[in-house]
Amino acid sequence: MRILLISLLLWAQGSASADMFELSPFCPPALRLDDAGRCTLHSQYQAYGSLYDKGVGGLKTGLPPVRDGFTPQQIDLGRLLFFDPLLSRDGSVACSSCHDPALGFSDGRTRSVGVQGTPVERSAPSLWNVAFLERLLWDGSKQTLEEQLQGPLYAPNEMGGDPQTLLTTLQDNANYRHLFASAFDDQPLALDQVYTALAAFESSLISLNSRYDLYAHGVHSALTANEKEGLNVFRSFVARCAECHTPPLFTNQQIAVLGVPEAEGRPLDPGAAATTGDASQRGGFRVPSLRNIALTAPYMHAGNFASLRETAAFYTGGRGHAVPEGEELNLHWHIWDPQLSDRELDRLVDFLMTLTDQSFLPEIPPALPSGLHPARAPGVATGGSHALNIHTAPIAQQKALP
Amino acid sequence: MTLSKTVLFNLTTTLLLLAGQAFAAVHDVREGDSIQAAVEAAQPGDTILVHPGIYRETVYVDKDDITLRGMVVEGEWPNLEGDKTLNDAILYSGNGFTVEWFKITHYKGNAIMGQAGNNFSIRNNWIVDTGVYGIFPEFGENGLIENNVLSGIEDAAIYVGMCDYIDVRNNRVFENVAGIEIENSRHALVEGNIAHDNTGGILVFITPGLPIKTSYDAIVRRNTVINNNTPNFAIPGSLVSTIPAGTGIIVNSGDDVVIEDNIITGNNTAGIIVTSQDFATGVAGDPASDPNPDRVQILDNVMFNNGGDPATEVKALMLTQFSTTGPDILAYKGAAEAERESCVSRKSAYRTYGLEEWGDCTSPTVRAADAVGSAPALAGTTRDVTTKMLPEPATPRVITVDANGAKLVYQGICAGCHTYNIRMIGPPVMAIKAQYGDDATAIAQYIAAPEKKRPDFPTMPPQDHLSEDMRLEVAKYMLELNK
Chain H
1 MRILLISLLL
11 WAQGSASADM
21 FELSPFCPPA
31 LRLDDAGRCT
41 LHSQYQAYGS
51 LYDKGVGGLK
61 TGLPPVRDGF
71 TPQQIDLGRL
81 LFFDPLLSRD
91 GSVACSSCHD
101 PALGFSDGRT
111 RSVGVQGTPV
121 ERSAPSLWNV
131 AFLERLLWDG
141 SKQTLEEQLQ
151 GPLYAPNEMG
161 GDPQTLLTTL
171 QDNANYRHLF
181 ASAFDDQPLA
191 LDQVYTALAA
201 FESSLISLNS
211 RYDLYAHGVH
221 SALTANEKEG
231 LNVFRSFVAR
241 CAECHTPPLF
251 TNQQIAVLGV
261 PEAEGRPLDP
271 GAAATTGDAS
281 QRGGFRVPSL
291 RNIALTAPYM
301 HAGNFASLRE
311 TAAFYTGGRG
321 HAVPEGEELN
331 LHWHIWDPQL
341 SDRELDRLVD
351 FLMTLTDQSF
361 LPEIPPALPS
371 GLHPARAPGV
381 ATGGSHALNI
391 HTAPIAQQKA
401 LP
Chain D
1 MTLSKTVLFN
11 LTTTLLLLAG
21 QAFAAVHDVR
31 EGDSIQAAVE
41 AAQPGDTILV
51 HPGIYRETVY
61 VDKDDITLRG
71 MVVEGEWPNL
81 EGDKTLNDAI
91 LYSGNGFTVE
101 WFKITHYKGN
111 AIMGQAGNNF
121 SIRNNWIVDT
131 GVYGIFPEFG
141 ENGLIENNVL
151 SGIEDAAIYV
161 GMCDYIDVRN
171 NRVFENVAGI
181 EIENSRHALV
191 EGNIAHDNTG
201 GILVFITPGL
211 PIKTSYDAIV
221 RRNTVINNNT
231 PNFAIPGSLV
241 STIPAGTGII
251 VNSGDDVVIE
261 DNIITGNNTA
271 GIIVTSQDFA
281 TGVAGDPASD
291 PNPDRVQILD
301 NVMFNNGGDP
311 ATEVKALMLT
321 QFSTTGPDIL
331 AYKGAAEAER
341 ESCVSRKSAY
351 RTYGLEEWGD
361 CTSPTVRAAD
371 AVGSAPALAG
381 TTRDVTTKML
391 PEPATPRVIT
401 VDANGAKLVY
411 QGICAGCHTY
421 NIRMIGPPVM
431 AIKAQYGDDA
441 TAIAQYIAAP
451 EKKRPDFPTM
461 PPQDHLSEDM
471 RLEVAKYMLE
481 LNK
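Residue numbers (my numbering), protein chains in the order written: chain H, 1 to 402; chain D, 1 to 483.
Fair warning: there could be bad hints in the mix.
[As the list claims (entries may be wrong)] Within a straight-line C-alpha distance of at most 30 Å, the following computed DSS-like cross-link-like pairs (lysine-lysine) qualify: (1) D:315 x D:333; (2) D:433 x D:452; (3) D:483 x D:453; (4) H:228 x D:407; (5) D:483 x D:452; (6) D:213 x D:84; (7) D:407 x D:476; (8) D:483 x H:142; (9) D:84 x H:228.
Keep in mind the hints are simulated off the structure, nothing from the lab.
Chain D extracted, bound-state conformation:
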């Protein structure tokens, strides 16, 4: 390659790269079209813009950096409609997935279900009666769930399961069994949500029998948790089927949970329940799961009119204190013990049960000056924590096109047929090296569309599923093998 050609080549490459970044495609989908077809056509970085209309399908996104955006026009929403025959509206496993501005109705399983997608954003969706769950990210790292409105869900409207670094903020959840549930997850901020008229408003759980065992570091802050008195309509056998109606916030085994600056009123069993796993019954034991909630901090929360008509088991507890109404705060069994190191601020302000051994985590008085953005952190509050999401996105999960990636591909695929010096299904690497010398390019070309070469060997299956660059890296790797 001459110098000028090299420059030209580099320039072209640069332009192509720039084009790839600057002109991520927008795929328009209109009523009658398939959203899934647009997903199939999309490349990472693309946006799928769905216009108003009814869409009856399950959309699944198994590639990275795809945005599904509904276009709301004069109050008309794009509506994913499950007719109670489809299972899930949206399934995703890719990283960097965004879904926003959809109305999702009448599915059987979930509205939006994620499995291991990191760096997700689920925003501004309107979800009604989508079956078991509404929004359900699982095994994800670094995600945002905000401004969604969900109702009519049989389990948790917003469920965050086995995830890390998640913000759930400014959502409205009502007439569900559970409003928001953080389960076996760490580093969660649940802030500014309105949870009303559910069976239970906000849950922080450790459930035994899951592969990731802990739930810690959650802040439940500035939520409005009111009138969560809907009779429990969960599926029998499900974990939330044991939640008593009238529960505002329930911490079941979760550790290091801070409950602060919430308004919790009109919940007929209790405002806040902190309990060990003996509260939810009927689950098989798991010795690797710590049943007790440790270091729960209930800071200042506005609570009144809770416990007006407590569920039977709570009523029985309260009768031992000669009361027929439920408490603002209930610490049950293991959660009540001093060794949990839990604390409550302004304890005497509330009607409580089981807080005798809890410490005092005195909250400071917050003044206007403390609330402005530039104010220094106020000790005894979490005001300086603005998010639990990561400052940088979670690491992408890609097989890199380099020697390291090539080693994994070679060993994962090629080594099934080729060893260094023994004949297997394919010829030994030694023989291939003898034929090709150091011409990796020729090998990279050949393996994309192999033809029968050696009479005593079967034709090699094509490896055109690998990119040209990756084929070259793998070929180079193979030629460098010496044992």
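Isolated chain H (complex conformation):
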């Protein structure tokens, strides 16, 4: 790690400006700089098609349309902003407080906690592969990252800021003035640039390099016998997991009413119905991707399933078994009583573990333009510059593991 730092510092010193903060002219690993100076995604999945470009199907199926085309500088600026508590009302939290790279870009909590310890309504969703999502948030109510991220930025119980203060704060910071100018062609610093940069960084969080992916591309030795058995349970029409958690992203991006229980004492979360006004969507939530799911416990919108095993077991508890008395939910037709055995549940968990891939994990900035420390989720050891990509093995290394 020290060597990485030194080389970065050497590079920074060698660049034209003597400023401490310069933006990387390189795209993050999944992306490649095109001739127009934009970072575009390259993945083996792009060799495959998918019906109507929807990115749903089986093993060799293409991805949905991706959000890319940002410049390396915009992405790197987004990375700094993402970790910077300067963006919150009191400098106490950043995006990374609830979306910590060490926890699959989630926070390990049942429900997230915003400024001054105020709880948020739902569990923090992972940000891996958000570049492919056509709707965001648990209730699917936002269509773009730029639109979505303004929610937590300004919600009183999340980051608690307000647009004018945020703009002034950034304008007052010489480092940021310089960085925004270099990322946005010397245009005056504006809030839209903040949103663009954050969206650019979030779109760069690509995880398509798991052992499962190796299997999908045709390397059948990449999965163990137990994991293949789990894959077959997963895609079977008994468990029906793949009907909604459809490869390659392991989500079909639809709203589904499952009848998931709330945490003890909490009222039923109306989910999508609250924003669409369609009562038939009561209790409906966006089907989340299962990529890197092993890293993002606890599970479901209410975050009250501690383990993957417990979550998988929910689906075999019987249709509507956790729906509160008096609620008439339009439960999804795939919710039934598949009577999965203990062995099948164990194998499902084995398979879900193969969806872990952090080989393109970004580096946590060793220092921030604000001078504040990068925000981390509670309980995550903060070593300042402790880069995570050291302990994330690329797929072939993972493959070698027992």
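Given the coordinates of chain H, work out where chain D should sit on it, guided by the hints.
This is chain D only, laid out in the frame that chain H set:
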């Protein structure tokens, strides 16, 4: 390489290629053997020949161009038996998959389930009580389902979901909840099937909440749809659990459906029901899903003795017309409206409900001369459409072994550890270029089985999962990087 060596090399390569094509292997599987083991050993193009006997397993095929063929000997079939403990008999994701001549019994989920395999053929199988579905291709393009016999299925015996360019022909489906269901699919020909004694015979559906939203361009033709009066035994909560017993054909939201030359008799609720999504209740709303069936054409069909004992909701409708029997054709709510632009030929021949605003799509009289192969297309019929499958197979889904494929592999895998000029987990590309010059072959060799080279870097993981040719392409790609 000298000239003669080059010639020899090319000749050998050609022979090897020819051998690969001409001598696709046949793997024999006999009772007591594992079919899956044969699938593991098979290469694309191979056939797995399964001899008569009982086989208790789930077979999954995640490679291309595999044929699973049962060998029926003097009436003895190879029988995949699920004992109601196994989930699915056959799962496939590969392209060009063929499965034929199997008896498949007593599974819990499906007999044959496909996810995104294109160019599939599912033929001549005998399927009994395999749980929720019988034949279930999903997300597939260009497929054939023919000559299968299916019974005792809790949902649809033959389900085509989110697929394109599919022919379903000459199958026999009976004593299922649904005989044949085309759901959120386009370009389907359902022809010459016999659907009898199901709850509902043939269904063309748009189901809300699925990622592919449309269902259009289906021809339902020359089927025999009779006595579909079996009480609904679907799993509570499933979509087909709302189908009233006694339904011959039901179009629920599907667009551009042509129903022609079928024999539809003895279905006690109705011969044909055309409805918008308000017929199936209990599903969460989906604003991206169009609930109404547009441009349905009911051409000439032989229909009589339908509606003898209609389901409660249809009986109530018919009572408003002072009738206690169900109709041959029922257009329900949104489906009845003129703006749907639906039409029916020979309307007065049938007992109908809700067709007041439908147009007249007069069918011509068909004579013997119109039926011969060389006859010109007969206007007002679909007789000239012989298939909805593609004239050429759907595009294969492969990572090509060339610069383009190499770019995807490099960026998808290698770039996790190597950047052009910054040290990451692995050395920068600049340093690698300095060491190897333009010797791509040496890199291709090294990455198959790397050893520790640089004291300050971890050993690179082996990339022997890539073919030798692909490793070379990736190495070349890497050496050409300049930023």
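The hints, checked one at a time:
At roughly 15 Å between alpha-carbon atoms, residue 315 (chain D) and residue 333 (chain D) fall within 30 Å of each other, so this suggested pair holds. Note on residue 433 (chain D) and residue 452 (chain D): the hinted pairing holds, with a Cα-Cα distance of about 18 Å set against a maximum of 30 Å. Between residue 483 (chain D) and residue 453 (chain D) the alpha-carbon distance is near 24 Å, which keeps this suggested pair within the 30 Å criterion. A C-alpha spacing of about 29 Å is found between residue 228 (chain H) and residue 407 (chain D), which places the hinted pair at or below 30 Å, so the restraint holds.
Of the pairs offered as hints, the one joining residue 483 (chain D) and residue 452 (chain D) holds, with about 26 Å between alpha carbons and a cut-off of 30 Å not exceeded. Between residue 213 (chain D) and residue 84 (chain D) the CA atoms are separated by roughly 33 Å; this puts the pair beyond 30 Å, and the hint is violated. Of the supplied pair hints, the one linking residue 407 (chain D) and residue 476 (chain D) holds, its CA atoms being roughly 10 Å apart against a limit of 30 Å. A hinted pair counts as satisfied when its Cα atoms are at most 30 Å apart, and residue 483 (chain D) with residue 142 (chain H) does not qualify at roughly 36 Å.
Simply put, residue 84 (chain D) and residue 228 (chain H) have alpha-carbon atoms about 21 Å apart, close enough for the 30 Å limit, and the pair holds.
Going through the hint list in order, the structure does not satisfy hints 6, 8.
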